[in-house]
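One line per chain: the protein sequences are A and B, in this order. The opening residue of the first sequence carries number 1 in the numbering used here; numbering runs sequentially from there. The opening residue of the second sequence carries number 1 in the numbering used here; numbering runs sequentially from there.
Just so you know, the hints here were simulated from the structure itself, not pulled from any lab data. Glycine is no exception: its CB is placed at the ideal position from the N, C-alpha and C atoms. Heads up, a few of these hints could be off.
Per label pair, the in silico range of CB-to-CB distance [stated by the list, open to error]:
{"#": "1", "chain 1": "B", "residue 1": "Gln107", "chain 2": "A", "residue 2": "His154", "range": "27 to 37 Å"}
{"#": "2", "chain 1": "A", "residue 1": "Arg165", "chain 2": "B", "residue 2": "Gln107", "range": "36 to 46 Å"}
{"#": "3", "chain 1": "A", "residue 1": "Pro76", "chain 2": "B", "residue 2": "Asn92", "range": "45 to 55 Å"}
{"#": "4", "chain 1": "A", "residue 1": "Ala152", "chain 2": "B", "residue 2": "Asp321", "range": "28 to 38 Å"}
{"#": "5", "chain 1": "A", "residue 1": "Gly222", "chain 2": "B", "residue 2": "Asp321", "range": "42 to 52 Å"}
{"#": "6", "chain 1": "A", "residue 1": "Ala152", "chain 2": "B", "residue 2": "Arg91", "range": "43 to 53 Å"}
{"#": "7", "chain 1": "B", "residue 1": "Ala339", "chain 2": "A", "residue 2": "Gly8", "range": "41 to 51 Å"}
{"#": "8", "chain 1": "A", "residue 1": "Gln48", "chain 2": "B", "residue 2": "Arg91", "range": "29 to 39 Å"}
{"#": "9", "chain 1": "B", "residue 1": "Thr192", "chain 2": "A", "residue 2": "Gln48", "range": "26 to 36 Å"}
{"#": "10", "chain 1": "B", "residue 1": "Pro142", "chain 2": "A", "residue 2": "Asp54", "range": "19 to 29 Å"}
{"#": "11", "chain 1": "B", "residue 1": "Ala339", "chain 2": "A", "residue 2": "Ile223", "range": "36 to 46 Å"}
To be clear about the criterion: a stretch of chain A counts as covered by chain B if any three or more of its residues have a C-beta under 8 Å from a C-beta of chain B, and this derived list gives those stretches [what the hints assert, rightly or not]:
{"#": "12", "region": "19-30"}
{"#": "13", "region": "122-134"}
{"#": "14", "region": "139-150"}
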Amino acid sequence: MTEQTRKGFHAEIDEISDLIVQLAARAGDAVARATDALLRYDLVEAQQIIDDDDHIDVAAIEVEEKCQSLLALQQPMAGDLRQILAAMWITGELERTGGLACNICKGARRMFRTELPPRLRGLIAEMNEEAIRLIRLSVDSYSERDAALASALHDIDDRLDSLHRTFVKTLLESSRTHDLDVQPSVQLALIARYYERIGDHAVNISDRVRYMVSGIMPWRAGIARHRIREERHESSMQELATDPAEMSSNGDDKAD
Amino acid sequence: MTSLIIGVLLMVGGAIVGIALDRALLRRWIRNRDPERHHQAPRGRSARRVIEDAERRLESAEAGQVSAETAASRVEASLDALQAGLVLCDRNGRVVAQNTAATQFLQARHGEALVAPVIKDLLEQARSGELVTTRVELHAEPRRSYEVRAGPVLREGETLGAVALVHDITEHDRIESVRRDFVANVSHELKTPIGALSLLADSLAADTEPEVAARLAGRMQIEIQRVANTIDDLLTLAMLEDESGRPDERVDIGAVVAAASDRISETAEQRDVKVVVSMPTDLAPMRGSRLHLESAVFNLLDNAIKFSDPGERVDVQVETDRDTLTLSVTDEGIGIPAAEQSRIFERFYRVDRARSRSTGGTGLGLSIVRHVALNHGGDVSVTSREGLGAQFTLKLPLDNGD
Chain A
1 MTEQTRKGFH AEIDEISDLI VQLAARAGDA VARATDALLR YDLVEAQQII DDDDHIDVAA
61 IEVEEKCQSL LALQQPMAGD LRQILAAMWI TGELERTGGL ACNICKGARR MFRTELPPRL
121 RGLIAEMNEE AIRLIRLSVD SYSERDAALA SALHDIDDRL DSLHRTFVKT LLESSRTHDL
181 DVQPSVQLAL IARYYERIGD HAVNISDRVR YMVSGIMPWR AGIARHRIRE ERHESSMQEL
241 ATDPAEMSSN GDDKAD
Chain B
1 MTSLIIGVLL MVGGAIVGIA LDRALLRRWI RNRDPERHHQ APRGRSARRV IEDAERRLES
61 AEAGQVSAET AASRVEASLD ALQAGLVLCD RNGRVVAQNT AATQFLQARH GEALVAPVIK
121 DLLEQARSGE LVTTRVELHA EPRRSYEVRA GPVLREGETL GAVALVHDIT EHDRIESVRR
181 DFVANVSHEL KTPIGALSLL ADSLAADTEP EVAARLAGRM QIEIQRVANT IDDLLTLAML
241 EDESGRPDER VDIGAVVAAA SDRISETAEQ RDVKVVVSMP TDLAPMRGSR LHLESAVFNL
301 LDNAIKFSDP GERVDVQVET DRDTLTLSVT DEGIGIPAAE QSRIFERFYR VDRARSRSTG
361 GTGLGLSIVR HVALNHGGDV SVTSREGLGA QFTLKLPLDN GD
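Isolated chain B, as found in the complex (with noise of 0.2 Å):
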């Protein structure tokens, strides 16, 4: 065929790929469209195989072994298969093209109806010449940030049009800043108690007062302390994460849910904080790490009683049914904002910081908990409004086979 080929050019993931659609193909590809189809595009292909693929339909459908027909379809599944929308517009910012993705975008109710201006806007930009890109952030219930690039396509320096590439970046984007936090939360809580100790043995050295020197000594005690605990912990993450496959233990759930309340008695105490464990008192043995499993139970103890104020109470529940065993932790606590919700099992991720170092803790210990459900083949979760609590739920898979 020696029909006309429109280079266009798409902005994927940073690289420039060059993808040749045939004319002809591509105007049979927007008559046959139905713009009301909504189908969900397959997950977890990426924008450059989808093309690939498209461009090799299309060379072979070129040699005839493909009807062009065929190689039409094609092209536009392959589009569709698009996780991100594609919008093509010709010189005069008609919009000629758009793939499945695209098509949700543009019929949007709500929040994601302010992506089809954007699209607009950058259309009208890349028509000119240029290489654009804008972020829209959603703020609602459930929040999404989408990225939209646009640029115009060229065929021998002459602009035909431009297309439009919206993404989905809301995980990109969480990822990066669990990324990003870590790297500064884990150095505050290394840092922190190393320049106090750092400070507390420069005043000893300079103090010849017996009882100066003692309180010193003292606080210098707990600094050390607290960076023993978070190393602790640590320690623990990485077992948990070098552990493969379930640990294969009979462990006594009631057992567990027994030592780690016992455990954590004083602390209770202390802080005039009751603990009411109710369980069935027929739990029947369940595989897994006692050690882990206790460990878990104590953390998610110990963060109920630190978020809760004197008077208040911290209920342990354990139910079973068929095949899974549920415990839940409920305080009576400050709760924790919505937006945070998400990222409380994040290793040293904190709600709030300031309030962190009087209360104490690594910040690790819900990460552990999630560790060990995640071992264990089962996960945690959490439910919130702040000022009324919150309930830490673990789920276990219970095997039936012994």
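If we strip away everything but chain A, and leave its shape as in the complex, we get (with noise of 0.2 Å):
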């Protein structure tokens, strides 16, 4: 009987694993979706991007019930736990992913009628492609439970943070050149920044699967950064308050 229920409660985790996995699918493919219309200027494909975020977060919800009633029902321990953990987390950090998607649609929105400069629309298609890489790596390192390849993650994120710096430059160089608005050059700005986002919820993704295959907790030692930062920020401070635009550059890099 009691190996029964066992079984019944490996294959519960199972099907919450392949649920994630379907779950990111919908995440990168929405951002891929994104960046189509942002770049085809396709306003009701945008909307239909953002009505269709639903769906992602009906399947997120979806996935923490299961988790939240196992945890009850089983009370699982060690291995198991973190992995029901790790599979809340992550839940979260697709969803997040997804929303940012709808972020990318309602920036194209706002800017309706711009025709984009080519570097940017290059520089757009590159983050793209950057930030959906990083999606599937994560998702790769947790559905192999590879440890090694989580850890990595960190690292490859930083060419999509590089673009992301290489993009607000040339944004900088196009509204001078290109003669770009306001508003357009402060969606474009938000939009690269989407991107950058995108790809460090896949790294905290990659965190998650670190704990969840080995326990050790990698956002601790983004904590005590953290700490180390704020000690420098806070002592900092009157210098940069003159300057603001130092101060957002220098971001925070973990999710909201």
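Assembling the complex is the task here: the two chains are given apart, and the hints tell you how they should meet.
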């Protein structure tokens, strides 16, 4: 009897992991779709993506509730417990990724009728590819329980961060040379930020995978880093206060 | 054998094909299946052929010619040979059989993972007796489109379960849009100048002032030139398509590049674009058509200059190794969106139609380049990032025989 229950339990854990793979596929597809809508100036598609985000939310809640009931009914320990906790956290990251795809669509809507300079379009396409690559790698590390791949994601994410910086630099140049208005410029800066955040969420997923596989908590290193940064930040607050642009480029690296 | 026969109704390519599966054989097939196996199904066999094959083998098994075991494994192999994914569930929705292609979908990660829930959904609906179809579009590269169909499995009016089929329709969609866009684009290219001519002619007829008349006539000449160019390019394409076999002339590729860049030099100067050619001095002659190769190089140069801004440069580089000649034309212009790169070699395809009228051109240049490349046994490809220019690479095989 007990064996039967346990078997059901593991089947349910497997089901959760299948659902997460599907959720990640949905979120990644939403990002690619949003980029398409943005680059094709397609507002109808943008609205459709925003509407379809409900599917992602519903799927995320489904996973969370499955996790909750397993925690309550089975009281799992050790590896099983970590797997369920990781699943809950990862679900949250994927739900946010879908939300960021919506934000890209809303940005596209707000700057409708602005023709984007080719170089910025090229960089958006590149950030999209890089963000999707990170999502895929994080899902690979999750499915294969590959802690080594998961820890590599921090470094792999550097490329997206540097694309983001290049984008902002190019945007500042373009707003002069291509005569971009303030509204589209602001929207473009935000959109670039969304891609960068999508990458951060993928890195967060990989942190949870490392925890799931080995029990270590990489984000605690982040807490320590954060504390040091806070202290440094406070001491230099007065210098920076004169130049607010400097602060925002320094931003946090964890998901909201 | 007097055992029960399950009639599985499959919708394949719009036609309903009935296959008869012996229930005992099916059960054995399911038991023997190894879900971990991932061999690639051979391509190019139609579903109908495979099913007919399976039927024939089952019949011969029934006639005692082949053992039931062999027949079962042949049915399995036949279903695995299908490019389409096939999933069969019983009346309670439990999956009882799936072929290799379906296993790949059910175990997929990333984009393709979205197909599995659709299969599940449609099987559910099919069990209540409906025939249902859905498309699944995957937007991340590589882009793919799938069609999932499901229907009930009936025997004497009673539902035994449901069957779902998954088809990769990416290529089908692409061909469909090439066909559809070609018709739209060709009429656009021909109608626009004709429409302009008709308006200009009307104005000319109504106007008596010689100055205005001269200006209108000038505009008419421009439009006539446009149509003439389009027709010329269409004729060139028709000729290229007509020619079978590789053209057999000894061609000095250095002279070809020189001639093409000479012809384009005036346009380049007008647009303030610098064309820089670099190639080895000791290029051996190759076999082909001098005229066609020159037209290909000219079109690549023309294209590069057209999409460059003043002050930018276009590089032509020729390299050879033992058996291939590589000619690349690189510009620093606006570049081509990733999603359009696979389509720019189509006839009359335009990335930006609004822009194409100001840059001129017939929309056939790159089709001509591709045809010349194919006629010479080579190919042409493009790499580009928007805003960072584009590089077109023409690869032509060299014959070392002579």
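Outcome of the hint check:
no., hint, in the structure
1, B:Gln107 <-> A:His154: 27 to 37 Å, "holds (28 Å)"
2, A:Arg165 <-> B:Gln107: 36 to 46 Å, "holds (39 Å)"
3, A:Pro76 <-> B:Asn92: 45 to 55 Å, "violated (29 Å)"
4, A:Ala152 <-> B:Asp321: 28 to 38 Å, "holds (36 Å)"
5, A:Gly222 <-> B:Asp321: 42 to 52 Å, "holds (51 Å)"
6, A:Ala152 <-> B:Arg91: 43 to 53 Å, "holds (48 Å)"
7, B:Ala339 <-> A:Gly8: 41 to 51 Å, "holds (46 Å)"
8, A:Gln48 <-> B:Arg91: 29 to 39 Å, "holds (36 Å)"
9, B:Thr192 <-> A:Gln48: 26 to 36 Å, "holds (32 Å)"
10, B:Pro142 <-> A:Asp54: 19 to 29 Å, "holds (27 Å)"
11, B:Ala339 <-> A:Ile223: 36 to 46 Å, "holds (42 Å)"
12, 19-30, "holds (count 7)"
13, 122-134, "holds (count 6)"
14, 139-150, "holds (count 3)"
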